[in-house]
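Between the sequences and the hints, there should be enough to build the whole structure, so can you do that?
Heads up: the sequence lines are chains A and B, in that order.
When we follow our numbering, the leftmost residue of the first sequence carries the number 1, and every step to the right adds one.
When we follow our numbering, the leftmost residue of the second sequence carries the number 1, and every step to the right adds one.
Hints were generated in silico from the structure; no laboratory data involved.
Incorrect hints may have been included.
Said to hold, decoys possible - Have a look at the derived ranges for each label pair, beta carbon to beta carbon:
# : chain 1 : residue 1 : chain 2 : residue 2 : range
1 : A       : Thr92     : B       : Pro335    : 50 to 58 Å
2 : B       : Glu89     : A       : Thr131    : 53 to 61 Å
3 : A       : Ala100    : B       : Ala137    : 37 to 45 Å
4 : B       : Ser351    : A       : Ala153    : 48 to 56 Å
As the list claims (entries may be wrong) - Far from chain A, by Cβ distances over 12 Å, these chain B residues were calculated:
# : residue
5 : Gln170
6 : Val233
7 : Pro326
What the hints assert, rightly or not - Among chain B residues calculated to face chain A with C-beta under 8 Å, some are:
#  : residue
8  : Ile126
9  : Gly149
10 : Gly192
11 : Gly274
Treat the numbers as computed from the prediction; the structure is a model and nothing was measured.
Beta carbons are placed, not taken as given, at the ideal position from N, Cα and C, and that holds for glycine.
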Amino acid sequence: MMHSIAVGAGVVLLASTVAACDNESTAPRAVDLADVAAGWTEAFTVTGTKTEPTYIEHVTITRDNNVFTVAGGAMVHMEPSIESVRLDDDGTIEHVVCPAAMDCTTSRPLTGFLATASVLSAARSGRLTGTVIPQSFGNRTVVCVPAEQIGVAEPVLDPCLDIETGAVLAQRHRRSGMYDGPTFDPWSVTVSASSAIN
Amino acid sequence: MNITTRRHTRRHLLLAAAALAGLTGLAACSDDNKSEPATTEAPASSEAPASTEAPAGKVLKVALLTPGLTNDGSFNQVALEGIQKLKDEGLVEFEVREKLADPAASEPVIREYATKGYDLIIGHGIELSEPILKVAAEFPEVHFAASGGPDLEAKLLANVDGWTYDFAQQGYLNGWVAGKIAGVTKVGAVGGPELPFILAAHKGFALGLKETNPAATIVETFTGSFDDVQKAVEATKGQVAQGAQIVWTSGDGIGNGVAAAAKEAKIFTLGVTGDAGGVAKEVNIASVELDMYPTYKAYVDDINAGTFGKKFFVSGLANAGLILTPINPVDPAVPADIQAQVEQLVADLVSGAKVLPNFYA
Chain A
1 MMHSIAVGAG VVLLASTVAA CDNESTAPRA VDLADVAAGW TEAFTVTGTK
51 TEPTYIEHVT ITRDNNVFTV AGGAMVHMEP SIESVRLDDD GTIEHVVCPA
101 AMDCTTSRPL TGFLATASVL SAARSGRLTG TVIPQSFGNR TVVCVPAEQI
151 GVAEPVLDPC LDIETGAVLA QRHRRSGMYD GPTFDPWSVT VSASSAIN
Chain B
1 MNITTRRHTR RHLLLAAAAL AGLTGLAACS DDNKSEPATT EAPASSEAPA
51 STEAPAGKVL KVALLTPGLT NDGSFNQVAL EGIQKLKDEG LVEFEVREKL
101 ADPAASEPVI REYATKGYDL IIGHGIELSE PILKVAAEFP EVHFAASGGP
151 DLEAKLLANV DGWTYDFAQQ GYLNGWVAGK IAGVTKVGAV GGPELPFILA
201 AHKGFALGLK ETNPAATIVE TFTGSFDDVQ KAVEATKGQV AQGAQIVWTS
251 GDGIGNGVAA AAKEAKIFTL GVTGDAGGVA KEVNIASVEL DMYPTYKAYV
301 DDINAGTFGK KFFVSGLANA GLILTPINPV DPAVPADIQA QVEQLVADLV
351 SGAKVLPNFY A
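If you want it as structure tokens, here you go:
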């Protein structure tokens, strides 16, 4: 079981960018995706674990202005897989570090922990539209972006991004509505609004 | 605490004669240093440290320290299940401390149990390895168990046993089962990044399939990504287009994509873990998981026999440290007696009639 967590369960901790609740309801209000993306920090470092049935892996994702990097996929004592992309002002994404075996020449949308670049690409080209209701994820608040908005035709998962930084913390399964797949262990997540890359 | 039922085959662990290059270790990292007793099976004590040789029949006091939460249905939970079974057998009483991935947090906890008269302190996960070794040197009369990679064996002390497991044997067993499925002539294998331990698992898969179905061929794809599920969808669809009748995935976060594409193509999978949004129960035949009971039983037996210390255990198929999950009866082509056939395979490995190669070579 990959840390399935009931969406919306528990108290939602509202971030400062989320509309304030009125006096009659504590339910979070919908937020405009483009507005949320416009407020993201230009650098972040997120570390955490992702538990598999037979091991635990350590995942680090970073943003340094327009460069996005993910390292993980292996047990902590092993060399991780590293993938890095650069997002241009016009929304074009190109690989900076291409892992072995990956076809980095295609223009297919990035999903997984690098989906932040895809969401910002959509925002910069005016394709990021609509509103979503923020969800709680551990002690963070995330917005789950319909993957069609980043160009995925038949999505299995929707990326869920930290509302303050835009870092991908989780994925929500389309069929079950549960957090699933490439998702941090919620209790392990540390988010810093600064980059590890100099 | 909800503990899922798992099959346990009682077999003593074979002591690894030598460290296998590339064997996987177990790890976790977190800055969350909160740790509260999750289970209070044993009362705290201010007794002197336990003696090295526990008398036969004594119920041992065990502290199980984990990097994550023991209700995760995954790596941490198998540790709890292993020690719980020993408690059910009347061999131990235990206490669990969770979220101890940070050595700064775990070291004082380990020291606390060492001074409270616990017979055995188990650190489940490589982040607990160094703190275990450090504290163990200060308490030579207390038994400790550490987990880690292949380099752990050289660090073991007279009062410390070590544990790791052979990740590649997961691939072997999945391939072995795939080859048993009636009518299969082409099998897909979807991997994430081309990391050495994943490549080793794929080598194992190829050998297992070849042994049970020499005529079957493999269509193999590495997406290069451990987290991009859509790439796994595309890879699986591509394999189906090439004629793959069943698809195995070496796992990580991409299993959701393999399962979704397999469902759409109306084929079955091996190796998908978790429920994949509810799809796994519709398409996945089985996967391979850890069972910590045999290792923990060996620790207890060795303590009672006075032979504990400086042993390095490698969980694999032969010692039931890696086991096939119960078969999901979705594919009628899977032999009805497949579990019995797997047990015979394990018996052959135990007897030496069959020997698995080092898939990391």
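Point to revise | Index of numbered hints that the structure contradicts, given in increasing order | key: 5, 6
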